[in-house]
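*Asks:* Going down the list, the protein sequences come from chains A and B.
FYI, the numbering for the first sequence is 203 to 607, going by the working numbering.
FYI, the numbering for the second sequence is 15 to 641, going by the working numbering.
If you're looking for bench data, these hints aren't it; they were derived computationally from the structure.
All values reported here derive from a predicted model rather than from experimental measurement.
Please note that a few of the clues may not be correct.
Stated by the list, open to error - No more than 30 Å apart at the CA atoms, straight line, and that leaves these computed lysine-lysine pairs for DSS-like:
# : chain 1 : residue 1 : chain 2 : residue 2
1 : B       : K122      : B       : K429
2 : A       : K211      : A       : K275
3 : A       : K377      : A       : K302
4 : B       : K122      : A       : K319
5 : B       : K597      : A       : K302
6 : A       : K369      : A       : K406
Chain by chain, the residues:
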Amino acid sequence: MFLLSLEDKSLSLALNGRDPLGTQAIWQFRARDVVPALTAASGRAEGFQLLVTALAWFPLFAQRHQRPATDLKRYFLLVEQAFARAWKTAGEEDWPLPGKRRLSGNERGIWVGLDPKRHFLIDSPLANGTWGIYRGPLLNARVVDTTNLLADSGVEETIRRATPVMKNLFDGLAKALREPPGVQIELAQRSSHSLVQGLVEVLKRLPSKALLRSKLVAPAHHPITRDLAEQALRHPDDPVEALVLRALHELSHWRVPLNGVVRCERYLAALDASFEQLCALVIAGEKDPYGALTMDLVALRRAQADFAVCGSFRGLADQRRLQLLQAPTASAAALGAFLLQHHAAISEERGSAPWISESDNRRLACRVEVHEPQERQLQPGTAWRNGYYLDALRSLARGVGTGGR
Amino acid sequence: MERRTIRERIAEAAGRFERLEVAIFTSFNLNADFFEQNVLPALFGAEESEPRSAREQRVHKALARTKVGVFYDPSQLRPSLAAYRYAAYPVFMERRLFHPKNVILYGKDAEGRAWIYFAALSANLTLSGWGRNCEGLADTWIHAQTEQAAIAVHEFVQWLGQRSRAGKDGVIGAALNFFGGLQGRRHWTDPEGADPATRRSVRIYFSPQHASLWSFLRAQYGRIDGVWAASPYWGDCSRIADELEGLPLTLVASRGPNDFRRSGLGEDVLAQLRERVTLADEIWTWPIEQDRFFHVKLYEVQTPRGDVTGLGSCNFTARGQFWEPSDAGDPGGNVESMLFALGSSDWPCEELPHREIPSTSCDEAPLPLPAYVHVQYNWKDGTYSWQLEGRCEVELRLPDGGPPVRLSATLRSGKRAGELRSRLFRFRVGDHTFYGTIAELSLEQSAYAYGSRLSHADILESWHAGVVAEPLPRGRKANSGDVEGDDEDVSELPDVESSVPSFDWFMFFRGLAAVRGALQADSRPDQPLDLLVARSDSVVALATSVLESRLPTAARWIVTSECLRLLGPWQRDVPAVRGHVRKLRTVADQLHKALAAELSALEEVRRRGADAIAIVEWYAGRLGTNQ
Chain A
203 MFLLSLEDKS
213 LSLALNGRDP
223 LGTQAIWQFR
233 ARDVVPALTA
243 ASGRAEGFQL
253 LVTALAWFPL
263 FAQRHQRPAT
273 DLKRYFLLVE
283 QAFARAWKTA
293 GEEDWPLPGK
303 RRLSGNERGI
313 WVGLDPKRHF
323 LIDSPLANGT
333 WGIYRGPLLN
343 ARVVDTTNLL
353 ADSGVEETIR
363 RATPVMKNLF
373 DGLAKALREP
383 PGVQIELAQR
393 SSHSLVQGLV
403 EVLKRLPSKA
413 LLRSKLVAPA
423 HHPITRDLAE
433 QALRHPDDPV
443 EALVLRALHE
453 LSHWRVPLNG
463 VVRCERYLAA
473 LDASFEQLCA
483 LVIAGEKDPY
493 GALTMDLVAL
503 RRAQADFAVC
513 GSFRGLADQR
523 RLQLLQAPTA
533 SAAALGAFLL
543 QHHAAISEER
553 GSAPWISESD
563 NRRLACRVEV
573 HEPQERQLQP
583 GTAWRNGYYL
593 DALRSLARGV
603 GTGGR
Chain B
15 MERRTIRERI
25 AEAAGRFERL
35 EVAIFTSFNL
45 NADFFEQNVL
55 PALFGAEESE
65 PRSAREQRVH
75 KALARTKVGV
85 FYDPSQLRPS
95 LAAYRYAAYP
105 VFMERRLFHP
115 KNVILYGKDA
125 EGRAWIYFAA
135 LSANLTLSGW
145 GRNCEGLADT
155 WIHAQTEQAA
165 IAVHEFVQWL
175 GQRSRAGKDG
185 VIGAALNFFG
195 GLQGRRHWTD
205 PEGADPATRR
215 SVRIYFSPQH
225 ASLWSFLRAQ
235 YGRIDGVWAA
245 SPYWGDCSRI
255 ADELEGLPLT
265 LVASRGPNDF
275 RRSGLGEDVL
285 AQLRERVTLA
295 DEIWTWPIEQ
305 DRFFHVKLYE
315 VQTPRGDVTG
325 LGSCNFTARG
335 QFWEPSDAGD
345 PGGNVESMLF
355 ALGSSDWPCE
365 ELPHREIPST
375 SCDEAPLPLP
385 AYVHVQYNWK
395 DGTYSWQLEG
405 RCEVELRLPD
415 GGPPVRLSAT
425 LRSGKRAGEL
435 RSRLFRFRVG
445 DHTFYGTIAE
455 LSLEQSAYAY
465 GSRLSHADIL
475 ESWHAGVVAE
485 PLPRGRKANS
495 GDVEGDDEDV
505 SELPDVESSV
515 PSFDWFMFFR
525 GLAAVRGALQ
535 ADSRPDQPLD
545 LLVARSDSVV
555 ALATSVLESR
565 LPTAARWIVT
575 SECLRLLGPW
585 QRDVPAVRGH
595 VRKLRTVADQ
605 LHKALAAELS
615 ALEEVRRRGA
625 DAIAIVEWYA
635 GRLGTNQ
């Protein structure tokens with residue numbers, strides 16, 4: 203096979219998303235003003251539905267089959283496999299949750315087991331799969347309590363009534379938990395099997411849509427989230443920056459929190475871009491990389507003043523905010539030296555080697571490949587790079603709606 | 015010609031192996047951080063949606079069973095931030111460059127058949143190569159020892175072993191052994207379902223095996239009747255003009271990389287070629303794609319057997335196409351590789367406007383290092399060894415804290431024992447300081463703790479749950495709430511799985527029993543490796559975590575001893591255990607002595623005139639740690 207390569211943009215993202223200045227803690231804190239519960243990866247309604255369905259049935263399952271509470275995670279791994287393999291057996295499109303790669307073989311039918319290599323959908327499924335990605339937002343939204351069970355027994359009952367197919371899984375799951383991990387339990391073969399149909403139907407119909415909507419997309423105690431979700435659905439192609447700026451204009455009653463986001467982001471994004479420019483200049487062999495930074499210092503001074511009043515912070519976010527407010531704006535050289543020193547401190551705190559450091563002969567050396575950011579990203583008036591969980595909000599709102607007026 | 019991302023194609027090919035045993039990469043530039051964060055995850059099937067910590071953990075685990083080696087030109091290294099269990103070998107050639115870009119994978123398919131996947135690329139192991147540039151990739155599956163491709167790859171791997179001084183260690187030894195297991199004849203459809211006939215015309219070129227690219231092509235396909243050549247760099251073409259004298263030649267030049275209003279091909283080279291070859295009137299170029307640099311090196315050669323297409327690392331320069339020196343002063347060409355096969359394809363080209371042809375060509379000619387010191391660390395006996403290449407006087411500084419070493423033509427090599435504290439070393443030639451990376455030998459016996467670590471409480475909780483699902487560390491400093499990179503925001507979550515402050519002995523001994531049970535169940539051949547070393551909650555990980563904790567000496571001694579008891583019997587079957595056993599034994603001995611010292615310092619012990627050493631020995635005997 204001969205091929206010419208396409209540009210691989212996600213490679214660039216992976217290297218650029220590594221938070222060399224420790225700004226992530228700051229924007230994530232500010233993001234909670236607008237999206238209180240979601241995380242960046244938790245945008246699929248199917249993920250939440252699968253998790254709440256499994257959790258709703260666990261107490262009954264444990265009681266009927268006399269399984270200890272400590273079996274919850276293993277039970278969930280089996281339920282997750284059953285849903286995914288039912289999806290595949292039914293001939294649906296790609297599995298929308300983590301693990302689609304291992305579902306791409308030719309095997310059909312629902313089978314479950316606890317052998318990591320032979321049965322799991324993904325390596326480290328508790329951290330990396332549906333459990334790891336979707337449990338955090340449910341905890342944030344108080345749908346799940348710290349024992350990993352549904353916090354409201356009424357909700358539990360409602361979910362059970364809407365998903366009776368789960369009862370048909372019980373015997374197979376109990377058997378899988380009793381047997382050694384290598385044993386594979388067959389639950390269904392054909393796509394016409396009622397178990398296959400029933401499980402797929404749960405994910406397609408999303409019977410807990412109203413719950414997910416009220417807790418994650420349109421929480422009553424946090425009305426700005428619903429307004430932003432509606433705005434995001436009305437303008438599905440708006441990138442996050444455009445979405446926030448449009449909302450600032452059209453949802454003027456939310457001016458204070460939205461302004462907080464903009465003021466926070468403009469400053470942080472410009473500093474991050476400036477640090478990347480410094481790396482790129484060092485890589486290019488620029489003799490005076492500090493002096494060659496192209497930051498508009500007057501604009502940076504204004505952005506810094508705005509950042510200082512972008513809202514309150516706590517803990518690590520506050521500590522980082524105070525550090526970054528010290529960035530000098532008198533000269534590019536001073537700014538460059540500050541960024542380098544701040545990055546060194548962050549790296550030291552994390553116990554990792556810095557991207558860029560001084561070598562023996564006092565010349566700077568950069569250890570990672572960084573490309574010079576575009577001019578727009580370098581200026582505090584136009585810089586933007588972080589998502590504030592609004593992509594996840596839009597994606598989830600697409601799945602469960604906003605309950606719009 | 016098909017368009018894909020390189021990552022997609024390599025991940026797809028790697029995914030065809032049921033068991034990937036060896037992976038060899040070659041590159042001129044190596045950005046080790048890029049390689050670790052992007053290439054290794056693609057090789058081991060990480061999904062893009064996975065958080066960074068999960069990708070890293072997957073790679074660490076996979077590296078415990080797949081041997082990976084990267085060969086690169088030492089003048090072009092950018093070292094990485096994190097340590098992974100793979101071998102990086104510089105290949106130094108005095109006054110030549112090591113320039114091939116290959117991916118060679120060895121493994122077995124779902125039916126248990128042995129296959130080698132070979133790809134020749136124009137892309138280096140850098141973000142530009144795999145991400146931004148437009149590059150080329152040509153690949154094939156190799157199944158039989160008698161194929162030209164198999165023999166060429168095998169000989170090249172032998173050559174790599176010699177030149178890099180890796181010998182038959184690690185990845186090289188495994189690749190050479192694997193070749194012995196290939197069958198004699200080619201008759202299986204490849205793991206992607208292609209008929210063996212499609213592989214019949216494939217030929218692989220490695221420059222050290224031939225006088226030149228052109229002599230190779232004539233030997234494999236017969237007379238050359240005409241050539242189309244696409245290259246990003248051009249220069250020094252008199253030898254090529256001699257070689258292709260009188261033949262029709264059509265050129266495709268790339269724009270950039272610095273100025274996209276100019277091609278890399280200049281009037282100087284055109285004039286040189288026009289004197290000897292029949293140069294086509296039109297010069298061609300690639301279409302503009304958002305300032306993407308077309309770094310692809312692509313050839314189409316007309317032969318009596320039909321058109322032959324080739325792709326790989328050979329630029330249209332004498333260094334890129336000729337291995338043998340032209341005269342006594344010429345050092346010879348670069349180490350290069352190409353894959354050729356019968357057939358032609360559409361090149362999406364357009365005519366290059368004359369105004370875009372500069373007067374002088376752009377010839378990529380980075381300077382090779384003046385000299386190099388091959389430094390190796392052998393995990394088997396904990397020794398550094400070094401060998402000077404080149405004719406300079408060099409001062410070498412190893413990262414073991416020892417004195418500098420002076421090397422010269424009369425004293426070129428040496429050896430000393432020490433601890434591997436860093437993979438970087440420095441050497442000074444005159445006023446210039448250079449950096450190199452240490453090549454690790456017997457890597458399977460490395461006692462280094464790779465990857466972010468879990469707390470001992472997390473590991474015990476995992477053992478207690480039956481060691482079914484593998485937990486992941488959340489960040490480099492989980493307790494600070496500071497997560498790096500694209501990890502999720504978990505800083506405000508109530509952490510139901512957070513570590514408890516003390517050591518739970520009940521959980522520990524029950525967990526040990528669970529791990530023993532899982533080891534005895536022996537459901538998979540890789541199970542012992544996983545449970546003992548590779549997983550984030552392995553026995554070695556627990557020992558490491560406890561040793562790094564502030565638990566009392568007695569507690570660390572007991573845990574270390576118990577872990578040793580579990581690990582010891584597996585040394586023969588699981589080589590990765592050996593280094594750890596050696597290290598833990600040393601630590602256990604030190605803890606044993608420290609415990610005796612602590613006991614003897616106790617007022618109560620002193621007052622009673624008791625023998626602290628005898629007390630510790632007595633306990634050790636009762637615990638069975640003296641066995």
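*Asks:* Taking the hints in turn, state whether each one holds.
*Replies:* Status of each hint after checking the structure:
1. Our distance criterion of 30 Å between C-alpha atoms is broken by K122/B and K429/B, whose separation comes to about 38 Å.
2. Taking the CA atoms of K211/A and K275/A, the gap is near 36 Å; set against the 30 Å cutoff, the hint is violated.
3. Restraint check for K377/A and K302/A: the C-alpha separation of about 25 Å stays at or below 30 Å, so the hint holds.
4. Distance check on the hinted pair: K122/B and K319/A sit about 16 Å apart at the alpha-carbon level, within 30 Å; holds.
5. For the proposed pair K597/B and K302/A, the alpha carbon gap of about 40 Å is over 30 Å, so the pair is violated.
6. Between K369/A and K406/A, the direct Cα distance comes to roughly 19 Å. Compliance with the 30 Å bound is thereby established for this hinted pair.
Hints 1, 2 and 5, counting from the list given before, are not met by this structure.
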